[in-house]
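Enquirer: In case you want the letters, here they are:
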Amino acid sequence: MTTYKGINGTAIQNFAGDPPTPITGQVWYDSVAATFQYRTESTAGAWATGGSLNTARSQLGGAGTQISTLAFGGNTPTVTAITESYDGTSWTEVNDLNTARGEMASAGTQTSAIAAGGNTGSTVGNTETWNGSAWTEVADLNTARKLLGSAGADNTSALAFGGQPYPASAALTELWNGSAWTEVNDLNDDRDRLTGTGIATAALAIGGNDFGINKAVTESWNGTSWTEVNDLNTARYGLGGTGVQTSSLVFGGNVPSPVSALTEEWNGVSWVEVADLTTARTEMSAAGTTAAGLAVGGDTGSVTAATEEWNSPSTSNETITTS
Amino acid sequence: MAKTYQYCVATNWGKGFIDHVESQRITFKGLPGDVWQVPAYNKHGNLWIAKVGGVVKTVAEAQAIVDAEVQTAQAAWDALPDAEKAPALEMNTRPTDITLEE
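So the protein lines, in turn, are chains A and B.
The numbering of the first sequence is the working numbering, which starts it at 29 and goes up by one.
The numbering of the second sequence is the working numbering, which starts it at 12 and goes up by one.
If you are wondering where the hints come from, they were derived from the structure by calculation, not from laboratory data.
All C-beta atoms in this analysis are idealised placements derived from N, C-alpha and C, irrespective of residue type, glycine included.
Do not take every clue at face value.
[As the list claims (entries may be wrong)] Chain A stretches covered by chain B per the calculated footprint, using a threshold of three residues with CB under 8 Å from any CB of chain B:
hint, segment
1, 77-91
2, 303-311
3, 327-334
Okay, chain B solo, but in the shape it has when bound (with noise of 0.2 Å):
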């Protein structure tokens, strides 16, 4: 099956490292772990990855990256005193796990 996305890492500079025309023609998602999802087989998503000296990985590779980042936060969230985690615990607040997409 294609895939419909592809995934790298790249660092968040700031001001220019998504513009508003990127943007515009294609969707971008921010991963924990500084993983981007961005189109596969998508001119502008290869010249975005380029841009940002983006570190292509597999689907498995940046999921394991991402997964890595939430069990962090996972477990600053469950090291949180309990008075402090009480109203968490009702809003649900706990950082939850992310499936990537192919």
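Isolated chain A (complex conformation) (with noise of 0.2 Å):
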């Protein structure tokens, strides 16, 4: 008779609930639920729910990883410079940013991050960049703007895109170098409220508004000028986008209105519609990988704490049936 043993060389393990870290294809006994459970892997992704912040709010930075995350600013609905610090389960509150904003242009990690222009109430330019323990004062964008797009890699490389020195949306595009802003090659199409994925040579710009009319369009950049690539299935602003610019993931915005769950993934070519976020919210900020990424905050009708967590694949263990 063909046995486990026989096929994998070793017997099936017992456990008193699950293996403390199984690996896909692990076959055990639970000795709690007598039942034998297995793990496996499937190449969708989903969303679950993560830790939420302490402070509701929408239009906030956000900078990091799906369990090394950094969130500061946006609007309570006032505007606030709160800073909170996630660990993967929790948020923590740490230095506030030096003045108080949303709607801004937001990159980096969990040490090294960037603020760049927003909404303080009146529309400005001021950059601030976090050390890992503080925001300091930098020099200001060229141009005073909201609403606007970005990407990074860290406080010395960004670049910040689009956005609204009000009343109009712009094309404008800066490169940060660490110590100043500079004026580089516009969008092809001006907006504001758009998404950005990648660093600061290899990025996207996805989404947005111009005038009320949303957007669906995607722009890559190359380092020195933006190239329009295949459209969003779903045109839409106040999208989250996280990922490189051969593999990001966009979530919720509107559509415009209600707010949206919808989650497409860029596979470098075009956009796959894959598993919505579970509640539909817009103006959120993200972080992480097109594996691993995480929706935070935003506005489902009223500013939520709530976050999500996205991972693909996923794995789960499984009961093994006869039926």
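With the hints as a guide, dock the two chains, each given alone in a separate frame, to form the complex.
Expert: As structure tokens, this is what we get:
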């Protein structure tokens, strides 16, 4: 008779529950549930709830990864300077921005981030950099604006594009070198409330809005200029975005109203619809990668503290049944 | 007609409220007022409601909770100063009514 041990060279292990670190394909006996279990992996991504912010807000900045994240500023709905740090489970308040604002550009990591422009009640060009413990005021954007897109690896290298030097939307692009902003080539399609992914030399500008018209436009930055590539499946603004130029994830936004839960994944060529957020929202911040992303706060009709974690592929423990 | 969805009220406590396995098995829809929509007549939906201590509501009860939350958000939006409302009008960001499905 064929046995598991005969095929795999080991007997099925017995656990009171699940093994501490099961691997895909592993089979075990759960003595508590009195069932045989196995570890499986799905290529389809899914959203799960993450730890909630201490302060609910929308139009906030974000930087970092899914388990090492920084969220700063935003509207509660009044503008705030609050900065919070996430460890993959819970958020902790850290030092505030020097200038309270929402609707800013943001990029970087949990220990090296940048916040630029935004809305304090007035449109500003203020830029601040985060060194892991405090924010420092540095050189302003050349053109003050809010509702702009951004990309960047850390507080020494970033790109800010589009936005609204009220009342018109802009195609302006500026490059941050660690000490100053320099104007570089404009977007092909001016817009605000867009999102960005990638780094200062390889980025995407995605979606947005121009005078009430939703945009599905995606543009790719090669370090010198923008080129239009394939559109989103669903035009929208206020969406979150994370990833790199060749692999990105966008989620939520306004289509235009109500708020959306739609999630799309960029494979380097085109956008593919994947699983929706569990709670539709707009004007959130984003962090992470297409394999492990994070949607933080936003507006669901009112400001929310809720976060969601995207994982693709995801693994699960399943019960072996005979029926 | 058999219903497609069931509704419950449950407070999102954060990490673990909905995990990735649950999210892959069924489709969740979070709504205003801590109302959650999950598939009806579904073992995984029922297990999740039990896990989170959800209070099951009829569609009419859930609709009333959602309506109250939306109306509060709409009133807050309507009370915005005109200066803030002007760009919001352009973007049509006033919270919209939500109709729950059976």
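Enquirer: Which hint numbers doesn't this structure obey?
Expert: Of the numbered hints given earlier, the structure breaks none, since each of them holds.
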